[in-house]
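Enquirer: In order, the protein sequence lines correspond to chains F and D. So for the first sequence, numbering that gives the first Met the number 0 puts the first residue at 0; every next one is plus one. So for the second sequence, numbering that gives the first Met the number 0 puts the first residue at 0; every next one is plus one.
Just so you know, these hints were derived from the structure itself, not from any lab. Where hints are given, some of them may not hold.
As the list claims (entries may be wrong) - List time: in silico DSS-like cross-link candidates among lysine-lysine, alpha-carbon distance up to 27 Å:
1. Lys291/D / Lys19/F
2. Lys292/D / Lys19/F
3. Lys24/F / Lys291/D
4. Lys53/F / Lys326/D
Unchecked claim - Sample of chain D residues with no beta-carbon within 12 Å of chain F, all distances over it, derived:
5. Arg97
6. Gly155
7. Val210
8. Thr265
9. Ile278
10. Val289
Small disclaimer: the values here were computed from a predicted structure and weren't measured. Ideal placement from N, C-alpha and C gives every residue a C-beta, glycine not left out.
The lines below spell out each chain.
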Amino acid sequence: MKYAFLFLIAYGIIELFVLKRVQNKIAFCFLCVSGILAGAANLLFEFSFFDLIKGVLQ
Amino acid sequence: MRKMSMRQTLMMVVSIIFSPTVRLFSAFVSGRGDQGAWVAPIVAGCGMILFVLVLDRLIRDNRNFYQHLEYSFGIFGAKALAWIYILWGILLSSVQIRYYAQRVASTIYTEIDMGVFVFIFLAICVYVLNSGIVTVARMNELFLPVILIVTVALLGLLSAKIDLRALFPVNNPLSIAHVALFNLASMGYVTFTLFFVDEIEQKEKFKKYAVWGTIGVSLCLVWLLLAVIGTIGPTVIEKLPYPFFAVVKQISIGEFLQHIEAFVITLWIVSDFVMTCFISSAILKLMGLVTKKGNTRELLIPYFALCACLVPMMGRTNFELETLSEKVFIPLNLILLFAMPIVILLVGRIKNKIKKHCAGERKMI
Chain F
0 MKYAFLFLIA
10 YGIIELFVLK
20 RVQNKIAFCF
30 LCVSGILAGA
40 ANLLFEFSFF
50 DLIKGVLQ
Chain D
0 MRKMSMRQTL
10 MMVVSIIFSP
20 TVRLFSAFVS
30 GRGDQGAWVA
40 PIVAGCGMIL
50 FVLVLDRLIR
60 DNRNFYQHLE
70 YSFGIFGAKA
80 LAWIYILWGI
90 LLSSVQIRYY
100 AQRVASTIYT
110 EIDMGVFVFI
120 FLAICVYVLN
130 SGIVTVARMN
140 ELFLPVILIV
150 TVALLGLLSA
160 KIDLRALFPV
170 NNPLSIAHVA
180 LFNLASMGYV
190 TFTLFFVDEI
200 EQKEKFKKYA
210 VWGTIGVSLC
220 LVWLLLAVIG
230 TIGPTVIEKL
240 PYPFFAVVKQ
250 ISIGEFLQHI
260 EAFVITLWIV
270 SDFVMTCFIS
280 SAILKLMGLV
290 TKKGNTRELL
300 IPYFALCACL
310 VPMMGRTNFE
320 LETLSEKVFI
330 PLNLILLFAM
340 PIVILLVGRI
350 KNKIKKHCAG
360 ERKMI
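Work out the full structure, taking the sequences as your base and the hints as a guide.
Expert: What follows is the structure, encoded as structure tokens:
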């Protein structure tokens, strides 16, 4: 799961620049970029949403 | 375009409620509501019937959810709210997938990495949703009777073990109200029906089916809470990660019928599957409406890949997941699934009145 973002990078590049069949580019790019950022953040910082709410609740 | 009937749509909602029911209700719900928690679904059911009347008005207007937002809040307000719904929907799907994977990994396949289950689950979701939500609705017509029959059979077997002393006294209205809010958060998934309005036939039957559905679901929830609280008591429930699962494990009829908990796991997975498909499909549809591109099939793979990336971020342990649900997702469900449709209806009605008033004045002039 942590490496799903690598799949997203490859899939996004193939769909957008090789096959060029994506019609809804805004939504497609939004999902790919969010996935890549989320995956990378998770891999680098082991971030969890629980830490976020823990901070807010304290 | 293939359409689904209102009955099929609401059947999906009933299937969806099974998963959070079994996961949440018996855990936090009885923990917070003490022995009186079983009264809460009745309160929630009454609130839900009133909410069905609100939804019925919105469905009769023959606009989908995004069109309602646009009508009530204008183009920019609608876009901003729609993106909030999209972000929330993505996180909601991810947390449901995480719950599914965590449950399978901690109950049956304890040696296998959670990622394997997530990958298989998401691959199936992509494959099925490629044919559209109507396919899931038709599949669910087979799933729901099985879910209901097995649940009722299990509750029937548990009923013999209920200790009535564990269910009384019912004397804490505040905690019952709190539990009722938890119940409403799960029942609120019916609001997603608004997202599919243009794919649904027989919209005029919404009120009838939804009211009967709410009554049936509320009675089942009362029975479930009676069975779980009455069998092991409210104090023990708080300490168990999956209380309903623990209770079902106790069922055996001699050597003939044992290990029935496997049924519950299967039904849980089916319910999670329907829920993930339903929510994801609604969110992708909204995404298509916001960006004004109808075809959202090409977004399926990036959507579920994004969910796969988010799944490990939802929490490290079951405790973190439950806290996240309790503190973030349940309040958000209540705001976005209950409060927002009421606000949309009110603003829409006020706008209608102002328009009529202005039209009347113009005629006078």
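Enquirer: Now tell me, hint by hint, if it's right for this structure.
Expert: Okay, the hints, checked on the actual structure:
{"no.": "1", "hint": "Lys291/D / Lys19/F", "in the structure": "19 Å, holds"}
{"no.": "2", "hint": "Lys292/D / Lys19/F", "in the structure": "16 Å, holds"}
{"no.": "3", "hint": "Lys24/F / Lys291/D", "in the structure": "11 Å, holds"}
{"no.": "4", "hint": "Lys53/F / Lys326/D", "in the structure": "10 Å, holds"}
{"no.": "5", "hint": "Arg97", "in the structure": "9 Å, violated"}
{"no.": "6", "hint": "Gly155", "in the structure": "38 Å, holds"}
{"no.": "7", "hint": "Val210", "in the structure": "36 Å, holds"}
{"no.": "8", "hint": "Thr265", "in the structure": "23 Å, holds"}
{"no.": "9", "hint": "Ile278", "in the structure": "15 Å, holds"}
{"no.": "10", "hint": "Val289", "in the structure": "8 Å, violated"}
When each numbered hint is compared with the structure, violations occur for hints 5 and 10.
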